[in-house]
Amino acid sequence: MMPTTDAPVVELDEVTKRYGVVSALDRVSIAARRGELLAVVGPSGCGKTTLLQIIAGLTDVDAGRVTVSGRAVAGAGAWVPPEHRHVGIVFQEHALFPHLTVADNVGFGLPRAADRRVRCAEALGLVALSHLAGRYPHELSGGEQQRVALARALAPRPAVVLLDEPFSSLDANLRGRLRQQTVEVLRASDATAIFVTHDRQEALSIGDRVAVLHDGALEQIDRPQAVFHAPRTRFVATFIGEADLLAGQVRDGLAHTVVGALPVTGVEGDGPVDVMVRPHEVVVEVAGDGNATVGHHEFRGAYVLHTLVLDTGDELRCDVPHTRTLDQGARVRVRVDTSHRLAAFPAAGRRAVTASPTGPASRD
Amino acid sequence: MSAPPVTTPTSRPVGAAAPAREARRGGRRSWRVATAVIAALVVIPVALVASSVLAPDREVWRFLWQTGLARMVGATVVLMVGVVVGTLVLGGGLAWLVAAHRFPGRRAFSWLLVLPMAVPSYVLAFVAVYLLDAPGPVQAAARSLLGLDIRIAPRGMVLAVLVMSVALYPYVYLLARAALSEHAAVTYGAARTLGLGPARAAWRVVLPLARPSLAAGGALVAMETLTDFATIQYFNVETVSVAVYQVWNGMFDRAAASQLAAVVLVFAVTVIAIERTLRGRARYDQRGGAGPRIEPVALHGWSRWAASGVCALVVGVGFVVPALRLLGWSSVSVLGGGGGGFDPRYITYLGNSVLVAAVAAALCVAAAAVVVNAVRLTPDRATRGLARLTTIGYAVPGPVVAIGMLLVLVGLDAALDVVGIDVGATLITGSLLGLVAAYVIRFLAPAANSLEASLDKVTPAMTMSALTLGAPPRRVVRRIHLPLIRSGVGVGLVLVAVDALKELPIMLLLRPFGFSTLAVWVYELASESLWDIVGLPALTIVAVATVPVVVLFRSTLRVTAGRGGA
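Heads up: the sequence lines are chains A and B, in that order. 0 is the number of the first residue of the first sequence in numbering that gives the first Met the number 0; add one for each residue after it. 0 is the number of the first residue of the second sequence in numbering that gives the first Met the number 0; add one for each residue after it.
Among the hints, erroneous ones may be present.
To list a few chain B residues with every Cβ distance to chain A over 10 Å, as calculated [claimed, not checked]:
| id | residue |
| --- | --- |
| 1 | A99 |
| 2 | D412 |
| 3 | F514 |
One side only, chain A facing chain B, incomplete, derived with CB under 8 Å [what the hints assert, rightly or not]:
| id | residue |
| --- | --- |
| 4 | P81 |
| 5 | A94 |
| 6 | G108 |
Simulated restraints on C-beta separations [what the hints assert, rightly or not]:
| id | chain 1 | residue 1 | chain 2 | residue 2 | range |
| --- | --- | --- | --- | --- | --- |
| 7 | A | V21 | B | K456 | 25 to 31 Å |
| 8 | A | G133 | B | G410 | 57 to 63 Å |
| 9 | B | V265 | A | V21 | 39 to 45 Å |
| 10 | B | A39 | A | D103 | 37 to 43 Å |
| 11 | B | D379 | A | G312 | 52 to 58 Å |
| 12 | A | V21 | B | A189 | 30 to 36 Å |
In case anyone wonders, no lab produced these hints; they're calculated from the structure. Yeah, the Cβ is synthetic: ideal placement off N, Cα and C, and Gly gets one too.
With the rest of the complex left out, here is chain A (with noise of 0.2 Å):
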């Protein structure tokens, strides 16, 4: 990971956005430092498009307020119009301009200057697609497209650049391969970034830290790795990776479960409690006198993905890898992996969880 200072390129503070009576966003606050890329997932209209729209001036704030660079451009009567944010932005269907050449498009945002052919070059260079420079957009594939769209978003050296699912128009193979080479030239050019996607495997797998937006508020902003193990809401446990949770009371820092005794973090004093287990870390073996039948399975590749009843009348989910086979309704013991401490929602809160059986599908 690069490092990132701490002075905010793009700070949100407060911000709200309605259209009508629906909130697009709920008092959000995020700022995005210096040289990172922000990754901010969530489910379709979740306000992820509206926050973008609002950094680049496309949409205008009903409270809060909005900087880029330290200066006001939204908010509190400040108003700065698109053209003056210094705000690159990467549409999903990649908006380039067909009556120009790829050359002509990188250099729209460029000012007449000597220099505006190195710069263009150089953007273009950045992308590895020098030589396509007398092309139009129709004569490119989708990933030559999205590329080009990068390089034009860069080339005026934006102070940050927005990334509203760029890769979701293109195919699946071609997606991962290009989302590291994004990663490389955002990297490269030292840009910060804000990646906007409904992918959580996106999310994690490229931001530096992972904003997760619900309905139009966010739950949770901090490193992917925080965000996986130790989510703050249910809605991110179960949104974020596929998830369980298991009833069980606290007591001393342990949570008592079917299945045991779990160290768990994310609860204070003792109580009943959700604990979240997910698949990798449900530990299974056949035995006669276990505690759970083996239901369903899903193949999915590497591994099957088994659905265990417990004898509580609770699922849990289970990875197996696909070396071994558990049949259906043969009775097993199911254990889960403590090495870590696994995170844990006070129980008042339960009827808030709306934990799919499968959580939400990730489309790589």
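Based on the hints, put chain B in the right spot on chain A.
Positioned in the frame of chain A, the structure of chain B alone reads:
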């Protein structure tokens, strides 16, 4: 892509390059203000006419009542209802026939049926009067065949309704075709599989689905009928619009003319209210071509030839016969045989027509370009509302627009007098200003529609990309929007120019003294039955008006080929 050469640009110092805040805001404000000015230009004349209802002049109304206002209102209602029913039957029926049936010539008729749109109703009217009049070929043939002495004057409401229905049905036909190609196919298919025959399925499923489009088409026809006062004068039908013309042109009675125009406006508002009610909450679009199409049923035996015959009859009466008749007359005048020979006034009036059409087209497209770009660049509710106001002129009858513009000019004249500039009556009666302004009001909508359709191809993301790359709105419009909407600009220019060339009522009311165009000349010559001279100018108008009809609708109305169909 290998590891790229590392360049380490630093962020541009943001504050330094930023211009003053007023200037930054101003980039948007000027677009909004321009839209507001255009909206005001459109709304003020209509509002002035409307306000004259609120301040009724009892003397004027007594006079109007004595001169037969009740009779005129009655005639207006009968004419409008008659023409709307006629066009709905003709346009809706033909659309259904072509969309859902296979018969000889179906592909060609699919777009040929729009051609009558190119013949202005006042041209169709005098050709009909000529053909049906006592000395004309129809009665002459009847006399010689039957040996009877028939002499009937082709006048009256029935004939007026028939002629206007033939002239105006393409509006309904186009909207009905669009409705049928959009969503009817799937539902029609579903109804058929549920056991309904073609006719019952059409009646119970397709007709309700097409209702919003039919209502919109009917409203359009009603507005055109309300606008007209030239066509129906050939048939001695007197509507309120005729009265507006007579009161203004014969007596220059501004008060009476504006009160009468207000009555026309009441009719227009009623039409819009009825259309809204019939449309309900459904929406209609004029998109052609998309979606699955109704699988046409093959007609057999006599009915297939009857279908071809009906289509041929309508195209013949609405386009071929008048075009041939005009061609005959103009060959006489051009070749210098029999009648008057070539009239040199043709050149002058053609020049005037071209001038007015070109200026109107350029202004409408320029205004439309401002409005559609303003909506794209400043997508706030106020700008949207103002933009919508700019296109209401298309739904306001010509006489209302014209009289409203007169009232504006009178006010302008008075204001100039106050500040000590005396321009006499030239502003009101001697300049093209009012005429051109009225044309802009009336024809801004078709220009805006074609530009808007074109701008739809420029995605919002493209506009946003250009803005975030630092281009101010003016540069975004010049470098991105305009180059990409060139085709829409072209279509808009042609549509408005042709409309303006054909237009008669506004021209008759607002033309400066001594200024005449082809349309006006045609109207005057036909009133005096100078057939040999009227041929060439009328044919010119029809020929020019045919161009956009063919260019625009030939491709969008294409039906599935011969057998099978996709």
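Tested hints:
Remark: the non-interface label on A99(B) is consistent with the geometry, its nearest Cβ contact in chain A lying 37 Å away (cut-off 10 Å). Chain A leaves D412(B) outside its interface by the beta-carbon criterion, the shortest separation being 42 Å against a cut-off of 10 Å. No Cβ of chain A comes within 10 Å of the Cβ of F514(B); the nearest lies about 42 Å off, and the non-interface call holds. Against a cut-off of 8 Å between C-beta atoms, the interface hint on P81(A) holds, since the closest Cβ of chain B lies about 4 Å away.
Using the Cβ-Cβ criterion of 8 Å, the hint placing A94(A) at the interface with chain B is satisfied: the shortest such distance is roughly 4 Å. The beta carbon of G108(A) is positioned within 8 Å of a beta carbon in chain B (closest approach about 3 Å), and the interface hint is therefore held. The hinted window of 25 to 31 Å between V21(A) and K456(B) holds, with their beta carbons roughly 30 Å apart. Distance hint for G133(A) and G410(B): a CB-CB separation of about 58 Å, consistent with the stated range 57 to 63 Å.
At about 41 Å, the beta-carbon gap between V265(B) and V21(A) stays in the expected band of 39 to 45 Å. Remark: the range hint 37 to 43 Å for A39(B) to D103(A) is upheld by a beta-carbon distance near 39 Å. Distance hint check: the CB atoms of D379(B) and G312(A) are about 55 Å apart, consistent with the given range 52 to 58 Å. Distance hint check: the CB atoms of V21(A) and A189(B) are about 34 Å apart, consistent with the given range 30 to 36 Å.
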